[in-house]
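Enquirer: Residues per chain are reported as follows:
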Amino acid sequence: MNRPGDLAHHTLSVLVENKAGVLARVADLFARRGYNIVSLAVAPTDDVAFSRITIVVDVESAPLEQIVKQLFKLINIVEIQELSAFDAVERELMIATIEASTETRTQIVELVNIFEGKILAVGTAAITVSLDGAPSKIDDFETLLHDYGIRDLQRTGRIALPKMDRSVPVLRAVNEA
Amino acid sequence: MSGPAANDATTASSNRVNGGEALIRSLEMEGVEIVFGYPGGAILPVYDPIIDAGLRHVLVRHEQGAGHMAEGYAHATGKPGVCMVTSGPAATNVVTPLADAMLDSVPMVCITGQVALPAIGTDAFQECDTTGITRSVTKHNFLVTRAEDIPRTIREAFHIATTGRPGPVLVDIPKNIVDANNPDAYFEWEWPDDLDLPGYNPNVTPGDADIEAAADLLMQAERPVLYVGGGVLKARGAQALLELAEMTDIPVVTTLMARGAFPDTHELCLGMPGMHGNYTAVTAIQRSDLLIAMGSRFDDRVTGKVGAFAPDAKVIHVDIDPAEHGKVRKPDVSVVGDCRIAMELLNEVLRQRGLPESNPDRSPWKQQVSGWLEKYPLTYQQSKDGELLKPQYVIERLRDLSPSDTIVCSGVGQHQMFASQYWEFNHPYTWINSGGLGTMGFSIPAAIGAKAGMPDRTVWAIDGDGCFQMTAQELVTAAVEKIPVKIALLNNSFLGMVRQWQSLFYEERLSEVHLGYDLPNYVMLAEAMGCVAFRVEDVDEVDDVIAKANEINDRPVVVEFRCHADENVYPMVPAGGSNDDVIVDPSQSALLDADRAAAAAAAATEGTNA
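Top line first, the protein sequences correspond to chains A and B.
If you read the first sequence in our numbering, its first letter stands for residue 6, the second for the next number, and so on.
If you read the second sequence in our numbering, its first letter stands for residue 16, the second for the next number, and so on.
Among the hints, a few may not be true.
[To be verified] Below 30 Å or equal to it, Euclidean Cα-Cα: the simulated DSS-like pairs (lysine-lysine) are: (1) B/Lys381 / B/Lys399; (2) B/Lys497 / B/Lys563; (3) A/Lys78 / B/Lys329; (4) A/Lys74 / B/Lys345; (5) B/Lys342 / A/Lys74; (6) A/Lys78 / A/Lys142; (7) B/Lys329 / A/Lys74; (8) B/Lys342 / A/Lys78; (9) B/Lys94 / A/Lys78; (10) A/Lys74 / B/Lys94; (11) A/Lys74 / B/Lys320; (12) B/Lys345 / A/Lys78; (13) B/Lys94 / B/Lys342; (14) B/Lys320 / A/Lys78.
[Unchecked claim] Simulated coverage check for chain B against chain A, where a stretch passes if three residues somewhere in it have a Cβ under 8 Å from a Cβ of chain A: (15) 144-157; (16) 205-216.
[As the list claims (entries may be wrong)] Just the calculated beta-carbon pair ranges, DEER-fashion: (17) A/Asn41 / B/Asn374: 45 to 51 Å; (18) A/Pro167 / B/Asp209: 27 to 33 Å; (19) B/Asp209 / A/Phe91: 37 to 43 Å; (20) B/Pro326 / A/Asp152: 51 to 57 Å; (21) B/Pro326 / A/Phe91: 36 to 42 Å; (22) B/Pro207 / A/Glu84: 22 to 28 Å; (23) A/Glu84 / B/Gly93: 31 to 37 Å; (24) A/Phe91 / B/Gly592: 41 to 47 Å; (25) A/Phe91 / B/Ala139: 51 to 57 Å; (26) A/Glu84 / B/Asp231: 30 to 36 Å; (27) A/Val114 / B/Ala139: 54 to 60 Å.
If you're looking for bench data, these hints aren't it; they were derived computationally from the structure.
Don't be surprised by glycine CBs; every beta carbon is placed ideally from N, CA and C.
With the hints as extra help, turn the sequences into a complete structure.
Expert: Here you go:
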């Protein structure tokens, strides 16, 4: 199953000019050349002239190098950073409505607490929860929720920034230990 | 691009302009001399200031013609071609030329009218999503929303079209911002000093280390081939290529897009590679141990089956477009940059290394190559008495009876391959055709564009009867605008290339390929469009009529050559097949079979010994 948290997928953080139609250009390019998008998130940056598009790409559909080079040919794309899970901070938000009878409700609440999620709404037979965090954490949470029955589920897609101080070897060693 | 006109316009006393005036003035600032176009509703306000403009407008008969004329002009002159049409159906009619220019990297700016801004998105009359439709067939496109953005947008459009890997750029302009009756369409004229393109910075100058690495491979190679593509012409690199080839004594193949980049009569020239390439060009690539891909992109028509293409060759790939590197074939040395600059740097490095004196001895390779050239030249059988003409013969006579710097345009199909094979291109920018997209009907409008840009040169369009009927109405444009092109119509009454494929790969079951010799009556049709027209059916008449046609310089000329219907283009590599399995002319196939058997026996012996 293709899931946003899969390490096999690659994250591209793409800085674009904040102009009409830029997202369509990116989406068109993926469609035209047969590249697969796993998830996509777009929003303006702190500079109104630019937006950042975070694209999780399926590197099995095409070599990442070709995807990046073809993307960079788009005139409105200013910068592309390739982020692996190891050198990026990645976050995603999920909300889900889960079947929750009186018997299972407390179990679900317990799970939400363990994952440090939030309860958004409680009904007689269902419960709506939210969770933000690293995509792999959300994958795990989603797997556990499956047993209870998922009515609706929506994930935002991944957003990511490079880790700071990537060049300091001591910190990297500490992280890996 | 801004010429002397630049200063005049900026110092003009009246600086208040409307969008339409600004558009025309911007084109003048970019040095545009000629616009190929067709007016209509949404672009109407721009056609008013054209009356007073210092540029020529050529009124075409179909918008597709405007696009191909702009391409022909760009191919011949090296300057960006400009076409201008209205919205909706006019915009969709230029989609084909845009796609053509995209695949062949032709610098071109296309201006389309659009419905007024408030009407966009309402399914208004003659509205279509032009920027959406053309997104994947342009290098970039713009929808301008404010009159005051027109000068900057035009400047950026020309910059993008002509720099890096050239290509078509479309500028879509809503009617209200160019409307002289709209107070909001007026602004203080200002020509921008700089560009606002933070994401566009083409890499022109290659890295020194890459050039050195290329020189290393080149010095080690025993069987190198220069595989030259259209990028060399786009980079104006023919002179640097000649120097590189002569200094290193490396044989050259020129792809369909690069014919003329290296003189065909030069002893190092092996002709065209690919599906209908010369046997020697195809085979030299297959046997090479180093391919120097110079502005070429490993197109499927050149490589055939990619896995079997030049299996023993290392690759130096020089191309200005980073995305071409490794797209089809992973290079051993990747040189990203302008081909001319790369070759000049490489030539300098090679001179420092003592070339040409210290050139490695590659005489066994040279002998092998010249052996192929001698054994497998291009060949055909001249028609017997009473038979119609052979297209190859017609092209040979055209070639020999026309000036050597004649510009040759072609459509797509058998006539295109014959023209590429049998013409001798000894000057750059003398061969104009639709290579990547394979657009039938390209030649007549492209020839008109080329002749408009190079009025002192002889321009022959070599066309087929299928192609001719797709865009022939542009001959009216040529007659009215006094652009005296010459059309050699090779009428074989068939869609020849499709017939060839059906003959070879569909058991001769000919399906929907017969057009007929007599309908239309091409001579009457050409005369009706204001051309001088001739029909030639006999070998003895060919020279006389070509001579007559070459003497006519005040009107377009159409010469219908009635050609043999059964002629096939050889050599041929079947689509998707390996270049090792090239099929030669039937008269040479016994020789080739014997050669292949001998080579297989030799390989077997070698295997046993090892």
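Enquirer: A separate judgement is required for each hint: does it hold in the structure or not?
Expert: Status of each hint after checking the structure:
1. B/Lys381 / B/Lys399: violated (37 Å)
2. B/Lys497 / B/Lys563: Between lysine 497 of chain B and lysine 563 of chain B the Cα gap is close to 18 Å, so the pair holds against 30 Å.
3. A/Lys78 / B/Lys329: holds (27 Å)
4. A/Lys74 / B/Lys345: holds (14 Å)
5. B/Lys342 / A/Lys74: Holds, because 10 Å separates the two Cα atoms, which is no more than 30 Å.
6. A/Lys78 / A/Lys142: Status violated; Cα separation ~35 Å.
7. B/Lys329 / A/Lys74: holds (23 Å)
8. B/Lys342 / A/Lys78: holds (14 Å)
9. B/Lys94 / A/Lys78: Since the Cα atoms of lysine 94 of chain B and lysine 78 of chain A sit roughly 22 Å apart, the hinted pair holds (cutoff 30 Å).
10. A/Lys74 / B/Lys94: holds (27 Å)
11. A/Lys74 / B/Lys320: Holds: lysine 74 of chain A and lysine 320 of chain B sit about 24 Å apart, inside 30 Å.
12. B/Lys345 / A/Lys78: holds (19 Å)
13. B/Lys94 / B/Lys342: holds (29 Å)
14. B/Lys320 / A/Lys78: Roughly 27 Å between the alpha carbons, so the hint for lysine 320 of chain B and lysine 78 of chain A holds.
15. 144-157: holds (count 6)
16. 205-216: holds (count 4)
17. A/Asn41 / B/Asn374: 45 to 51 Å: holds (49 Å)
18. A/Pro167 / B/Asp209: 27 to 33 Å: holds (30 Å)
19. B/Asp209 / A/Phe91: 37 to 43 Å: Given range 37 to 43 Å: holds, Cβ gap about 40 Å.
20. B/Pro326 / A/Asp152: 51 to 57 Å: The hinted range 51 to 57 Å holds for proline 326 of chain B and aspartate 152 of chain A, with Cβ atoms some 55 Å apart.
21. B/Pro326 / A/Phe91: 36 to 42 Å: holds (38 Å)
22. B/Pro207 / A/Glu84: 22 to 28 Å: holds (24 Å)
23. A/Glu84 / B/Gly93: 31 to 37 Å: holds (32 Å)
24. A/Phe91 / B/Gly592: 41 to 47 Å: Holds: the Cβ-Cβ distance is about 45 Å, inside 41 to 47 Å.
25. A/Phe91 / B/Ala139: 51 to 57 Å: Cβ of phenylalanine 91 of chain A to Cβ of alanine 139 of chain B: about 52 Å, so the range 51 to 57 Å holds.
26. A/Glu84 / B/Asp231: 30 to 36 Å: holds (33 Å)
27. A/Val114 / B/Ala139: 54 to 60 Å: Check passed, 56 Å falls within 54 to 60 Å.
When held up to the earlier numbered hints, the structure conflicts with 1, 6 and fits the remainder.
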